[in-house]
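Visitor: Spelled out, the chains give:
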Amino acid sequence: MTDVGYVVAAWSITGAALGLYALRVAQRTRRARRSLPSDDPRR
Amino acid sequence: MTLLSELWLVTAKDLRIEARSRVTLAQVLPFGLIVLILFAFALDPDRGLLPKVAPGLFWVAVLLAALLAVSRAFSIEQANSARDGLRLSGLDAGAMFLGKALAVALQLLALEVVLGLGVVLFYDLTPKAAEVLVPAAVAATLGLAAAGTLYGVLAAGLRVRETLLPLLLLPVLAPVMLGATRAFEAGLGLNGSAGEAWPWVELLALFAVIYTTLGFLAFGPLLEEA
Amino acid sequence: MTTSPEVTGRGGSSQGRLLPAPVSVALGWASLASLVLLALFGLWGAPPDAVQGDAQRIMYVHVPAAWLAYLAFGVTAVASILYLWPRTRSTVWDLIAGSSAELGVLFTGLTLVLGSLWGRPVWGVWWAWDARLTTTAVLFFLYLGYLSLRRIPASPETRGKRCAIAALIAFVDVPIVHLSVNWWRTLHQQATVFNPQLNPEIHGVMAFTLWLGVLAFTILYVYLLDKRYRLAALEEGQEERELETAIAERVADATAPTPAEPTVGATP
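Chains as they are written, first to last, in the numbering used here: chain A, 2 to 44; chain B, 490 to 715; chain C, 5 to 272.
Accuracy of the hints is not assured; some may be wrong.
Just the calculated beta-carbon pair ranges, DEER-fashion [what the hints assert, rightly or not]: (1) W133/C x R509/B: 21 to 27 Å; (2) S36/A x W89/C: 29 to 35 Å; (3) A211/C x G681/B: 38 to 44 Å.
Just so you know, these hints were derived from the structure itself, not from any lab. All residues carry an ideal CB built from backbone N, CA and C; glycine is no exception.
With the sequences and hints as input, model every part of the structure.
Guide: The following block contains the structure:
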């Protein structure tokens, strides 16, 4: 693996980790919102 | 009642329970010895490695045994709503914490004596510099017991207690592991001279003071919720 | 099961969010933009290091990740204190503490992985037992345990209190761990085989890129904290309602009329 390989791997993992985390939070939020009664102020 | 007498009341209670049930003696101690033996299997005794790494192995065995000892200290409060009994007893929460921690510490110290003998026997290690090793062991054990009792009450009554307590406690004990091993290595002449052990003993004492204080303050609120 | 505003935090943080919606959206875009800018500078704009070569570019994400981890855990500690302090007690702080800790663990894990990927080309090894790495590894497990504690089945008050105390004990432990590991690795010379010296004289574009990284990650952290807080508030509400429903069902079962008798005030 050349140095460039490590750099690409590092930045890709960073992007993937942060992106996947954000997506997961969004997904769980959507699911939680659906289960709330429509008059809940926290929606 | 004074703090000291309340403290002693709790310590005596826990030790009495141990005297009657002999769980630490019959289960935790053999566990510690088995761990020492397993290390010999893992590290091939013929390569002269064991005496060199003996302090580290000793303290790992003590740490693992401490997990069991702390867990036991709170499982004895499980039956017959004993925890509620403690809460309603009117005893000072800080005194209760110190009392329980002291009981754990005394049991651990007794354990360490036997495990130490085990190390001398099994790992062919010549003991020396007791004037360094004893303070180091006492300071380390007080820290172990304080942090252990604090996390023990934090995890008390939870269904996942058995797996959660080790996960919570071991990272916190990293400095104790470090300091105790380095102090023993220095004292036994494996890594530096006996004089170099003292900074580590100070670190161990610092850790013990901090966690005893934290436990003293937090035990009451935690016991309420347990 | 209390549903008073003080406990549920509805009064404290309206509609279960930390930031107003427009601010959150703006921050989302801002973090995306700054991260793209960081990538441009980090991967292309900044020159390769004289000593470390291109591998140094990993520092532009590794260092911000590490700083953010510490920031996140600091926020957890402060929020935990505010939760424990009777005058400021509110579920809001409990949820912030938990959300920030989760982000902290994420950033810490990222720090460790990125550090490894940097270490391999530069030091020749995936790992070294120096003070910073070792402390970071212990930090990771300290707060991983905290996250496990957050999932225990208990009332919000019980769980909140235990978690807050656990967060503070963990926080106090970090400097002790760092101190002890530092002594360990510097007392004897053989420990300095791997001397991880970030070039302290970092100039010009490289310094700018590093600061850009810290800024970008900080904006991202605030944005994610708000999002994660919202999720936590929603899930807490869900838990409350599930419990109320379960209680109601049990009461209904208990007071259910037998065939021959009329119901006698069987309202849950």
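Visitor: Any hints from earlier that this structure breaks? Give me their numbers in increasing order, please.
Guide: Violated hint (a single one): 1; every other hint is consistent with the structure.
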